[in-house]
Amino acid sequence: MLSFHPFAISRMFFPESAADAAIGGLLLGLTVVLRTVLTGQVLGIAGITRGLLARRPATPKVAFLLGITLAGPLLAATYGSMEPMPPLPSMVSASTRVILLARLIAGGFLVGFGTVLGNGCTSGHGLTGLARLSPRSWVAVPTFMVSAAAIATVTGSSSALPPNPIAEGEVQDWPVAAASAAAVAAGLLLCGICLLVMHHHLGLDISKGKLVLELCSGMVFGCGLVISGMARPSKVVAFLDLGSGAWDPSLAFVMASALLLTFPFFQILERSTASPLHNPWLGAAWELPKTSPVDIHLVLGSVLFGFGWGLCGMCPGPLWVLLLARPSVEVMSVWLAMLAGMGVAVVVKQPQQQQQQQ
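798 is the number of the first residue of the sequence shown in my numbering; add one for each residue after it.
Mixed in with the good hints there might be a few duds.
To be verified - In silico DSSO-like links for lysine-lysine, alpha-carbon gap of 27 Å or less:
hint : residue 1 : residue 2
1    : K1087     : K858
2    : K1087     : K1146
3    : K858      : K1007
4    : K1146     : K858
5    : K1007     : K1087
6    : K1005     : K858
Calculated from the structure, these hints are not laboratory results.
Here the structure is a predicted model, which means the values were calculated and not measured.
Kindly generate the complete structure, drawing on both the sequences and the hints.
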């Protein structure tokens, strides 16, 4: 029988765990703000990933995703705290591994399908949409959070994706997390300052420099995912699974701390007409999402994304991080399933998009 323990807090939830989550969240928020103020583009990992399915993917998007992917092995070697996949002892039966693989593939497909149908995930809707007070995001985020918690609790995701003792032993103290975050943030700031000097004071062509900025932005964002714990499926499902008896609420600090930066930024940006935010600092124009009404596709997509996230504990950003950091059949299967889900959703949405263009 399913038992709920809403007030049972995991032993893993120490102030250090919450501090790591908050520090990683601040790093995510800083990346969103700096990338937007420099290039004018709003960050959404699902949308950037979906761009790979185009016949000619935009080079900056490829550079950003490459940065996230490279952050994985970099942090795995220096910071640790990422779990090998699958998170099962070597002596378990082959059938158990097959069941886990089926669960992960189903979750990956639903994550991909849902993010395209609902036009966003935890980054697009959570870090930027909520900050912009987008009605769609304020519907999407509670919807996929409730859906993810429901499926994780009913299917026992914490039991299917248990914590790995090795990864638990690698968890760094919060000062190490703070120092790591400060180092990579300084690198991104330095890259942005160099491009500003080249563009405004030297009048140089910075088109290739923008690719370096996207690469650096991706690496910093990926580091934020690792430090916050979002790249650990067991920690994600420990937050979503309310019936495990070991609820870990620390990941709530990730989005909360990121919004401390993104919320005031986007509120100032959308109210600014004659200020330093009148135009992106590296030229071009703002590419803010257009306001559109809440529809059935948004709600259904958010539900499906939540189901997938609750099953596998991975959304698009962490999947890119784990691709090289913890290469395995399981991670590659989830990644491919996510891309397949996105492809199917693109086909499903084509008639609607064609109708809107007419």
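Determine which of the earlier numbered hints do not hold for this structure and return their numbers in increasing order. none
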